[in-house]
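Trainee: Start from the sequences, fold in the hints, and give me the full structure.
Here the protein sequences line up with chains F and P, keeping their order. Per the working numbering, the first sequence starts with residue 1, numbered consecutively. Per the working numbering, the second sequence starts with residue 1001, numbered consecutively.
Note that these hints are calculated values from the structure, not bench results. Beta carbons: idealized from backbone N, C-alpha and C, even for Gly. Check the hints yourself; a few may be wrong.
Said to hold, decoys possible - Partial selection, computed: residues in chain P whose CB lies under 8 Å from chain F:
1. V1061
2. L1068
3. D1071
4. P1075
5. E1076
6. D1078
7. Y1079
8. V1094
9. N1175
10. L1177
11. H1197
12. P1200
13. T1203
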Amino acid sequence: MVFKPVPESEITRAIATSFIEMFGEFARSDVIVVGAGPAGLMASRELARRGVKVLVIEQNNYLGGGFWIGGYLMNPVTVREPAQEILDELGVPYKKFSEGLYVAHGPHACSKLIAAACDAGVRFLNMTKLDDLVVREGRVSGVVVNWTPVEALPRQITCVDPIALESRIVIDASGHDAVAVRRLEARGYLKTKGMGAMWVERSEDAVVEHTGFVFPGLIVAGMAVVETFGLPRMGPTFGAMLLSGKRAAEVALRELELMEAGAIKGA
Amino acid sequence: MRVILYDDRSSTSLKITEIAEFLRSLLPALEVEVREDPFTHYRGRYDPEKLARRLASIRIVDAVTGRLNSDPLMPEVDYELRRVLDPSLSCHGVLYDGYELMSLIADLIPVEERNRRTLHVVFTGRLVGTKEQGEDRVHARVVILGNPAIVSTTGAVEAPARPREYYLAMMLSRNPLVQQTTLTAGRASGGWDWLEHDDPRLTEVMKGYALQAVFYHFIGEAFCAEIGCRLYNAHRQSELIRSQLLSGKLCKKHEGMLRTLLR
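Mentor: Structural data, given as structure tokens:
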């Protein structure tokens, strides 16, 4: 016999207890990141390695979003300079394809980024979908979530109420869906512009630069930035996603410091 | 007659003094002055935060209707504020209403310099667009003629169309590696040539657009129908290269007009 005999019920208890323990601990976090694509993973990793308590919610079972694949079902993912420095930092091997353009193996880059986030102490709730935002005193202070399968079925069948998770800051890194921003829009707090159809070179810079607070307590990062501000479409290069995630973390850290100093009233 | 040229500090290849020299050599009677970008030159005449908000609000958010960004979000205002305070920062990926930008800069210019004899030509890295009568959508522009005239260095790269095959290739394969290979092949064929960002040919091209602004303001002549003339309104990169770089001259009609202006 290779493995030690363990009763099935003990395995179930191990899963349930560990989950509940984590769930209870992260019912209140410093930062909740919506979406575990490259921007969300990068933001969460940067925050967690600086001691911030970060929870990522992801609607799919798998983490990584579109970072597994480079476009047209081809594995190589590309980044433009200076985003290769992040690949260096994560220990992802890559090659220089042409001046300023670098190429890496998608599965390698994506798995390294996920591992880096996990190593930094990020916790994940996958198969979890954003239902709404907690907005208190004019500030986003958490998310309302439900299981993805529950959300996928008609309410008449599931009839399962969502639950709320609190945080001091929420980062919307949910890609083109921009789910958190759209919830605020539905409530009339802000108006998004939708993704611009125009092709403009170097618009990746604009994505990074527009990463920031769109509403007190809510930061937007990654492709959600493109949707929120109507920036031009980009090709599938991931540099902007990684750097936008990094920028989101910097913005969140500054805000958390101000909150600690009492300069901003947090949730 | 006086022309004031405002520099675009976000461009690494624009040599504003060369453009001034070009105008002086063509029109010796013209008094040409070179200034820093308008936000630096008129510092102290405006509230940076209010100006940033106004810049954010003149972004075009719908390229079909031309709808403006009437209610800008915080990062949009912050983005503009960083550029008002440091005009050397580039602003790729944002489209502004050309006439609104003209009006915003006009408001910065002191009354004593707003007169028929003084033309302000503002070079900017901002991409500008307008929707003219009869057009079904906003078009990006290189130049918005008027006073101040707006000349977009980014517009020279983005506004005139590249070959149709280029856009098809970009749409058909969204993989940058394939795009890069197609681009290299297109260039090798000799047919694909256009102005790039920070292109060393930018200053030469911009001389022609500065001249267009001068012609429009002092003579009332907007564009020329002849592709070999520097006043040609290029809609394609191939036309821009032909009129501004390969020809680099005025046509006979406009040379004659220039002589009239000199008298």
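Trainee: Which hints from the list above does the structure break, by number from lowest to highest?
Mentor: As far as the earlier hints go, 2, 12 and 13 are violated by this structure, in ascending order.
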